[in-house]
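Participant: Next come the chains, spelled out residue by residue.
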Amino acid sequence: MLEIKNLHASINGKEILKGVNLTIQAGEIHAIMGPNGAGKSTLAWVLSGNPAVEVTHGEINFNGKNLLEMSPEDRSREGIFLSFQYPVEIPGVSMVNFMRTAVNEQRKYKNLEPLSAADFLRLMREKKELVEMDNKLTSRSVNEGFSGGEKKRNEIFQMAMLEPKLAILDETDSGLDIDALRIVANGVNKLKRPDNAALVITHYQRLLDYIIPDFVHVFYDGRIVKTGDKNLALELEEKGYDWIKKEVETPIEQ
Amino acid sequence: MEQQYIDFYKEYHTLIKQHSAALMNNFRDAAFEKFERLGFPTSKLENYKYTDMSAPLSIEYGLNINRLQFQINPYDVFKCDVPAIHSYLFFVLNDTFYPVNSTAKQHLPEGVIIESLRTAAETYPQLVEKYLGKLSNEKDDGWIAFNETFAQDGFFMYIPKNVQLSKPVQLINIMRSDVDFMANSHNLIILEEGAKAQLLVCDHTMDHVHFFANRLTEVFAGKNSVYEHYKLENTNVLNTNVSNLLIHQEDSSNVLTNVISLHNGVTRNNIEMLIDGENCESLLCGMVIGDKNQDVDNFTEIVHKKPNSQSRELFKYVLDDTSKGAFAGKIQVAKNAQKTSSFQTNKNILLSKTAKMRTKPQLEIYADDVKCSHGATIGQLDEAAKFYMQSRGISESEARLLLMFAFTADVMDNIRINALKDRMKLLVEKRLRGELSRCEGCMIC
Ligand SMILES: Nc1ncnc2c1ncn2[C@@H]1O[C@H](COP(=O)(O)OP(=O)(O)OP(=O)(O)O)[C@@H](O)[C@H]1O
Ligand SMILES: [Mg+2]
Numbered sequence: 027m028l029e030i031k032n033l034h035a036s037i038n039g040k041e042i043l044k045g046v047n048l049t050i051q052a053g054e055i056h057a058i059m060g061p062n063g064a065g066k067s068t069l070a071w072v073l074s075g076n077p078a079v080e081v082t083h084g085e086i087n088f089n090g091k092n093l094l095e096m097s098p099e100d101r102s103r104e105g106i107f108l109s110f111q112y113p114v115e116i117p118g119v120s121m122v123n124f125m126r127t128a129v130n131e132q133r134k135y136k137n138l139e140p141l142s143a144a145d146f147l148r149l150m151r152e153k154k155e156l157v158e159m160d161n162k163l164t165s166r167s168v169n170e171g172f173s174g175g176e177k178k179r180n181e182i183f184q185m186a187m188l189e190p191k192l193a194i195l196d197e198t199d200s201g202l203d204i205d206a207l208r209i210v211a212n213g214v215n216k217l218k219r220p221d222n223a224a225l226v227i228t229h230y231q232r233l234l235d236y237i238i239p240d241f242v243h244v245f246y247d248g249r250i251v252k253t254g255d256k257n258l259a260l261e262l263e264e265k266g267y268d269w270i271k272k273e274v275e276t277p278i279e280q
Numbered sequence: 005m006e007q008q009y010i011d012f013y014k015e016y017h018t019l020i021k022q023h024s025a026a027l028m029n030n031f032r033d034a035a036f037e038k039f040e041r042l043g044f045p046t047s048k049l050e051n052y053k054y055t056d057m058s059a060p061l062s063i064e065y066g067l068n069i070n071r072l073q074f075q076i077n078p079y080d081v082f083k084c085d086v087p088a089i090h091s092y093l094f095f096v097l098n099d100t101f102y103p104v105n106s107t108a109k110q111h112l113p114e115g116v117i118i119e120s121l122r123t124a125a126e127t128y129p130q131l132v133e134k135y136l137g138k139l140s141n142e143k144d145d146g147w148i149a150f151n152e153t154f155a156q157d158g159f160f161m162y163i164p165k166n167v168q169l170s171k172p173v174q175l176i177n178i179m180r181s182d183v184d185f186m187a188n189s190h191n192l193i194i195l196e197e198g199a200k201a202q203l204l205v206c207d208h209t210m211d212h213v214h215f216f217a218n219r220l221t222e223v224f225a226g227k228n229s230v231y232e233h234y235k236l237e238n239t240n241v242l243n244t245n246v247s248n249l250l251i252h253q254e255d256s257s258n259v260l261t262n263v264i265s266l267h268n269g270v271t272r273n274n275i276e277m278l279i280d281g282e283n284c285e286s287l288l289c290g291m292v293i294g295d296k297n298q299d300v301d302n303f304t305e306i307v308h309k310k311p312n313s314q315s316r317e318l319f320k321y322v323l324d325d326t327s328k329g330a331f332a333g334k335i336q337v338a339k340n341a342q343k344t345s346s347f348q349t350n351k352n353i354l355l356s357k358t359a360k361m362r363t364k365p366q367l368e369i370y371a372d373d374v375k376c377s378h379g380a381t382i383g384q385l386d387e388a389a390k391f392y393m394q395s396r397g398i399s400e401s402e403a404r405l406l407l408m409f410a411f412t413a414d415v416m417d418n419i420r421i422n423a424l425k426d427r428m429k430l431l432v433e434k435r436l437r438g439e440l441s442r443c444e445g446c447m448i449c
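As they're listed, the protein sequences go chains A and B.
So the number in this note's numbering is just where the residue sits in the first sequence, counting from 1, plus 26.
So the number in this note's numbering is just where the residue sits in the second sequence, counting from 1, plus 4.
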């Protein structure tokens, strides 16, 4: 589904990603862990097409298409979804208007008629239940004045509305209380299908108790430096990153 | 540039007076002398720094001092009565009040007078004399002096004590001419104690010639009165509009002014709210959507003369291409106007590198127990918000539109007539989409 080859990218001229290679097949869940500033969010930005990040080298293939040539909106319409580490507040744009515009633009791309008002509201209600989101939130401006946890829940709600093929969750668990974590993880699991995939960026093993990954990657200094199964997450939780850093910094020849 | 008008007045003042009312002629010669002294305000004056009228003033305009009637009935051709807004509908064609349609007249509550100023001045001289020129005569402004020199007529509205209009009044200014044309009109609006009225003024042009409109409006809001003044400018690039709106508020009156420019050429709005009573509320809002060469300068002044009143001011501009905007917000609090609160906000978005915005707050506070603040920002569209929307599949153009629309939402929310608010939102959305934002059903603009 997704194939990243030797990806290099920089922000404001500073190289952040230094040769990322990653392949994700339909049906898989991949977790990325790694210390602060390693470049995990930058990878998520590149996938979603944030113009602040400049790709200097490498390729990304998504379902047979060259992702790097697509506008952010087309990537979304092709099925990429990013749950933002820091969701953006948009005062004056209502959640309903925002979601209706998004859903209908996605439908237009697929040559489908816009949803009727009644169908749209039904869909909203159904997905809100899925993530147990408060009714009041959807009647407000996008993320405006939402608490940290509410913003994260809103990201999962949007994901549920758009049903992406590849969901990238950038620290969606940060700032969530235990109950919210379970609800969000359940939401993700319920949306799991054999033909979609997820890339979960997290600092905490506890999320991976709910969303069981097929692969765990360790991200360090702009690259994936180690890949394992779910036990790698447990090991990291126990030992921290120092041993990985040592492994990476020790020249292989020695 | 002044000279031709000075010569013109010297030659034709008898004719001008002959086709106007005695009460307007009373101050005409004094106004002329003032204009001779002041001339047209130029950008050399501090208050007119950003308004350059030399280009529009170099055009030779026709004036209709003989008061020739036009050959159209606006009630037939003009259907722009904002559907779903039931209003009392009136027209000023160039500078002439169109005879009132009988159906409009019929339903006005007892005692309410809506008329041409000239007719009103002749029919109700005592009433008109008490107010006419009382705000404008005091002013030392070249445009006002020019207006008082040449204006022969205008719109008159009188709402007697405790009468509350249940429908808004809509006044449509239409410019129609085969040659470049100038209109000067003087409007007078009187709300007695406890009266209530809403006025929606729409500016339109019918022809593609150069128009110059110079409008002077005096508003007297009596004790406990409630007045809303909405102005929608929807003209075209050939149009120059100078407007002086002078509002006088007495105790416990509540006045809202909301001035919206969607399409225009060069516009200068001077708005003064003179709070000459206690416990008044004043809200002054406005919005500009500009592109191409549009030029809008809103020069506002809120004067607190008495204690215990509140004023709020909110202006927003969205400027694209080589359009220009200016905003001046002067707040004056007199020494004895204690417990005044006054808040001013001006926010602007520039969509291109060549669009220009000048903003100037100016607080003159002579009282010590007051709450006043002002804030002005000039920025671009929020890129993070735009990307967030795009990442949900919303196209860039739609994302920009949603953001611009959201930006103007609080000005729209200060339209207290729901049907008008809905209508305005639709017009603004169409305007932002670059579709023609003419009023639907309006056949002539
Ligand atoms: N606009 C920017 N200008 C300069 N450097 C930037 C900018 N944005 C990010 N960076 C740098 O890029 C590097 C990678 O940041 P990124 O956010 O991808 O890290 P991360 O792995 O997601 O970290 P965390 O776990 O803290 O979220 C950091 O060193 C950061 O300071
Ligand atoms: Mg991050």
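Simulated from the structure, these hints should not be mistaken for laboratory data.
Some hints could be false.
To be verified - Here are the computed lysine-lysine pairs in the DSS-like style, where the Cα-Cα straight-line distance is at most 27 Å: (1) 343/B - 227/B; (2) 357/B - 200/B; (3) 48/B - 200/B; (4) 360/B - 309/B; (5) 425/B - 162/A; (6) 48/B - 425/B; (7) 216/A - 265/A; (8) 134/A - 429/B; (9) 434/B - 136/A; (10) 44/A - 256/A; (11) 171/B - 425/B; (12) 343/B - 53/B; (13) 134/A - 434/B; (14) 162/A - 165/B; (15) 334/B - 53/B.
Unchecked claim - Some chain B residues judged to face chain A by a derived CB distance under 10 Å, without partners named: (16) 242; (17) 387; (18) 388; (19) 389; (20) 391; (21) 394; (22) 397; (23) 398; (24) 399; (25) 400; (26) 402; (27) 403; (28) 406; (29) 409; (30) 412; (31) 413.
Just so you know, even glycine gets a beta-carbon here, dropped at the ideal spot from N, CA and C.
Participant: Give a verdict on every hint.
Facilitator: Comparing the hints with the structure gives:
A hinted pair counts as satisfied when its Cα atoms are at most 27 Å apart, and residue 343/B with residue 227/B qualifies at roughly 19 Å. For the hint linking residue 357/B to residue 200/B, the alpha-carbon distance of about 45 Å lies beyond 27 Å, and the restraint is violated. The straight-line distance between the Cα atoms of residue 48/B and residue 200/B is roughly 41 Å, outside the 27 Å bound, and the hint therefore fails. Of the supplied pair hints, the one linking residue 360/B and residue 309/B is violated, its CA atoms being roughly 34 Å apart against a limit of 27 Å.
Of the pairs offered as hints, the one joining residue 425/B and residue 162/A holds, with about 24 Å between alpha carbons and a cut-off of 27 Å not exceeded. Pair hint residue 48/B plus residue 425/B does not hold up; C-alpha atoms about 39 Å apart against a cutoff of 27 Å. A distance of roughly 32 Å separates the Cα atoms of residue 216/A and residue 265/A; the hinted pair therefore is violated under the 27 Å criterion. Of the supplied pair hints, the one linking residue 134/A and residue 429/B holds, its CA atoms being roughly 25 Å apart against a limit of 27 Å.
Between residue 434/B and residue 136/A the alpha-carbon distance is near 26 Å, which keeps this suggested pair within the 27 Å criterion. For the suggested pair residue 44/A and residue 256/A, the alpha carbons sit about 25 Å apart, so the restraint of at most 27 Å is met. For the suggested pair residue 171/B and residue 425/B, the alpha carbons sit about 15 Å apart, so the restraint of at most 27 Å is met. The straight-line distance between the Cα atoms of residue 343/B and residue 53/B is roughly 33 Å, outside the 27 Å bound, and the hint therefore fails.
With a C-alpha separation of about 21 Å, the suggested pair residue 134/A and residue 434/B falls inside the 27 Å cut-off, and the hint holds. Note on residue 162/A and residue 165/B: the hinted pairing is violated, with a Cα-Cα distance of about 44 Å set against a maximum of 27 Å. A C-alpha spacing of about 15 Å is found between residue 334/B and residue 53/B, which places the hinted pair at or below 27 Å, so the restraint holds. Residue-level restraint check for residue 242/B is violated (minimum Cβ-Cβ distance to chain A is 33 Å; threshold 10 Å).
The restraint placing residue 387/B at the interface with chain A holds, with a minimum CB-CB distance near 8 Å, inside the 10 Å limit. Interface hint at residue 388/B: satisfied, since its Cβ lies 5 Å from the closest Cβ of chain A, which is below the 10 Å cut-off. A distance limit of 10 Å between C-beta atoms decides the matter here; for residue 389/B the minimum to chain A is near 5 Å, and the interface restraint holds. Because the closest C-beta pair between residue 391/B and chain A is about 6 Å apart, less than 10 Å, the hint holds.
Interface hint status for residue 394/B: upheld, as the beta-carbon distance to the closest one in chain A is roughly 4 Å, under 10 Å. Below 10 Å, beta-carbon pairs count as interface contacts, and residue 397/B has one with chain A at about 4 Å; its hint therefore holds. Satisfaction of the interface hint for residue 398/B is found here, the shortest Cβ-Cβ separation to chain A being roughly 5 Å, below the 10 Å cut-off. Residue-level restraint check for residue 399/B holds (minimum Cβ-Cβ distance to chain A is 5 Å; threshold 10 Å).
Satisfaction of the interface hint for residue 400/B is found here, the shortest Cβ-Cβ separation to chain A being roughly 7 Å, below the 10 Å cut-off. The closest approach between the C-beta of residue 402/B and any C-beta of chain A is roughly 6 Å, which is under the 10 Å cut-off, so the hint is satisfied. Evaluation of the residue 403/B hint against chain A yields a held restraint, the C-beta minimum of about 8 Å falling below 10 Å. With 10 Å as the threshold, the beta carbon of residue 406/B comes within range of chain A, its nearest partner Cβ sitting at about 5 Å, so the hint holds.
The beta carbon of residue 409/B comes within 7 Å of a beta carbon in chain A, closer than 10 Å, and the hint placing it at the interface holds. Taken as an interface hint, residue 412/B checks out: its beta carbon lies about 8 Å from the nearest beta carbon of chain A, inside 10 Å. Restraint check, residue 413/B versus chain A: the minimum CB separation of about 4 Å is within 10 Å; hint holds.
In terms of the numbered hints stated before, the structure departs from hints 2, 3, 4, 6, 7, 12, 14 and 16, listed from lowest to highest.
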